[in-house]
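The listed protein sequences correspond, in order, to chains Y and A. If you use this note's numbering, the first sequence corresponds to residues 5 to 186, in order. If you use this note's numbering, the second sequence corresponds to residues -10 to 420, in order.
Just so you know, the hints here were simulated from the structure itself, not pulled from any lab data. None of the values given here were measured: they were computed from a predicted structure. One thing to keep in mind: the hints can contain errors.
[Claimed, not checked] One side only, chain Y facing chain A, incomplete, derived with CB under 10 Å: (1) 26; (2) 65; (3) 68; (4) 70; (5) 110; (6) 114; (7) 116; (8) 117; (9) 121; (10) 147; (11) 150; (12) 151.
[To be verified] Simulated restraints on C-beta separations: (13) Y:108 to A:263: 38 to 48 Å; (14) A:387 to Y:64: 32 to 42 Å; (15) Y:171 to A:264: 55 to 65 Å; (16) A:377 to Y:83: 22 to 32 Å.
Virtual Cβ for every residue (Gly too), placed ideally from N, Cα, C.
One letter stands for each residue in the lines below.
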Amino acid sequence: EALLAAAAGDPDLGRATVEASRVASGAVSALAVGPDGEPFVPRGDAVGAPSTTYVSAVVTDQDVVVGWVGDSRAYWIGERPGLLTTDHALGGVLTRWLGADAGEITAQVSTFRPDGPGAVLVCSDGLWNYLPEPQQLAEVALSMARTDPAAAAAELTRHALDAGGRDNITVVVVPYPPEAPA
Amino acid sequence: MTFSVDVFQNEYLPEQGREVNAIVTVTGSGTATPAAPASDRRVEVIIVDTSGSMNYPPTKLAAAKQATAVAIDTLRDDVLFAVVAGSHVAHQIYPAAGVVPATPSSRAQAKAALALMRGDGGTAIGQWLLHAQRLVAGYDDAIRHAILLTDGNNQHETAEELDRVLTATRGAFTVDCRGVGTDWQVAELRRVATALLGTVDIVAEPAGLADDFRAMTAASMDKTLADVALRLWTPQGATVRFVKQVAPDILDLTSRRVESGPRTGDYPTGSWGGESRDYHVCVEVPPAAVGDRMLAGRVSMVLPDGTALGQGMVLAVWTDDEGLSTRINKEVAHYTGQGELAEAIQEGLAARKSGDVERATAKLGRAVALANRLGNEDTAKLLAKVVDVEDPVRGTVRLRAAVTGVDEMTLDTRSTKTARVRRPTTPDGEG
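Take these sequences, add in the hints, and give me the full structure.
Pasting the structure below:
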């Protein structure tokens, strides 16, 4: 919602993406509650503050603008599939995340102009741990990504579960170019 | 800032002669004047290849980061800037979005953010340029410049895709391109630099990047006027054969003409500081009677608001005195030779690559002779690393058996770099 509002108010989708992540960062931080029931105050040792990763995508009829924090990812699913994000992680350990213990963090932004129709897939590591390669994701999802994105997301989730997925899985598929509002 | 425009030509044509050649030297000097106020805003975008190959060896990416830090430190205060990492997509590194003014704190933040640069993924230069175009959008009155560094082939997009982007980004900003190592394509990067009115060069060793980035950024900071065009008026019935920048390097502008009035066209020249460039203008005029004089062209430099600065006249005079009409203008001959030299090098290297020893020897021999005659000492030195020179005057050479990729690519990349004509006296033309 924050992203929609920001994108509606700012023609620069990169800036809108960053603003939305700032709102998300604040919201996640606000979830933290100290042992006394008072709002959590970030300290050096910040055990117990809820934290999360973040990924967003704005798809226009020209460009794809993604924003992310941590190891949630965005992929291009098309004739030549590719990863659109670079994990904020080193050796499997997150170097950026959203949470009260992280301070105010905003998303890193990438832009991409597709060379033809396809879809943008945003997902958490619950999916990509089992299907990391863009080509694998495209094989599963490309055929229905444009016509039935929800079915494509469900199919991807099923693949991850079949592969033994135990982590929570978040998957969103957005067709490109986007359908004009009816 | 003012422009002076000097024309060098032999204006005499034989009876029925049609082709008029002139070298036009344009010199920008001084600081901002009311007529030509300096752009008070600059946007500088630093684009660094972070494809997976930048990790091999790891010192390459490290050197690129260090060079980027040096470029950031070279930015003058208040210059709007951004750092972009390019792979098959464009990752914004700093600031989070858009551009920010250079201040001590933003420079420090930007350098800290370079840690986000990771070597991963492919190479799609078009995506990087589109990202830079978005960053400079809305700063039309600023001097807009990008530095682009790559180490490899543009393998994640087709040549057609890149061409489409180059057409779409024309005039959006100027870009100086650098290739590090020897795995990139000279022709490809030259296409980018030509379309976006910048330079292309090789940085053979990653260790050389920092100095190069410092020099490029400093040169960009010295530009004071953006979007200057060369305006050429030609008379009724005349045809413009070509308009080429010929110094400091060769850049054919013929196809870049934008009609700006009756028989008048503008050719983009990018940003200017205190500097001098030479242009070769070739106009075909309808023949006139012996003794007739004609204004064959009028050259001036124009700003985006239409202000014209400086003016030079290209003349045609028909004569039956062969002593006059066959006289060769020194400047025209020099730069015609520079063009032949660049062609001989590029064709010779291409022949060498395809195994055509005979043709390669002939072309590179011709290049050696031309470089020797025209005084291109730097080019002669580069040629001597690719061929053994027996006679530099006649251009007798033998191909060297073992040539490093670096030497070959350096020669190719710098083939379009020209030597200025030796001009001991004041400019007064020859005709």
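Here is what the structure says about each hint:
no. : hint                       : verdict
1   : 26                         : 9 Å, holds
2   : 65                         : 14 Å, violated
3   : 68                         : 9 Å, holds
4   : 70                         : 8 Å, holds
5   : 110                        : 5 Å, holds
6   : 114                        : 5 Å, holds
7   : 116                        : 4 Å, holds
8   : 117                        : 5 Å, holds
9   : 121                        : 15 Å, violated
10  : 147                        : 23 Å, violated
11  : 150                        : 20 Å, violated
12  : 151                        : 25 Å, violated
13  : Y:108 to A:263: 38 to 48 Å : 45 Å, holds
14  : A:387 to Y:64: 32 to 42 Å  : 59 Å, violated
15  : Y:171 to A:264: 55 to 65 Å : 60 Å, holds
16  : A:377 to Y:83: 22 to 32 Å  : 49 Å, violated
The structure fails to meet hints 2, 9, 10, 11, 12, 14, 16 from the earlier list, while all remaining hints are met.
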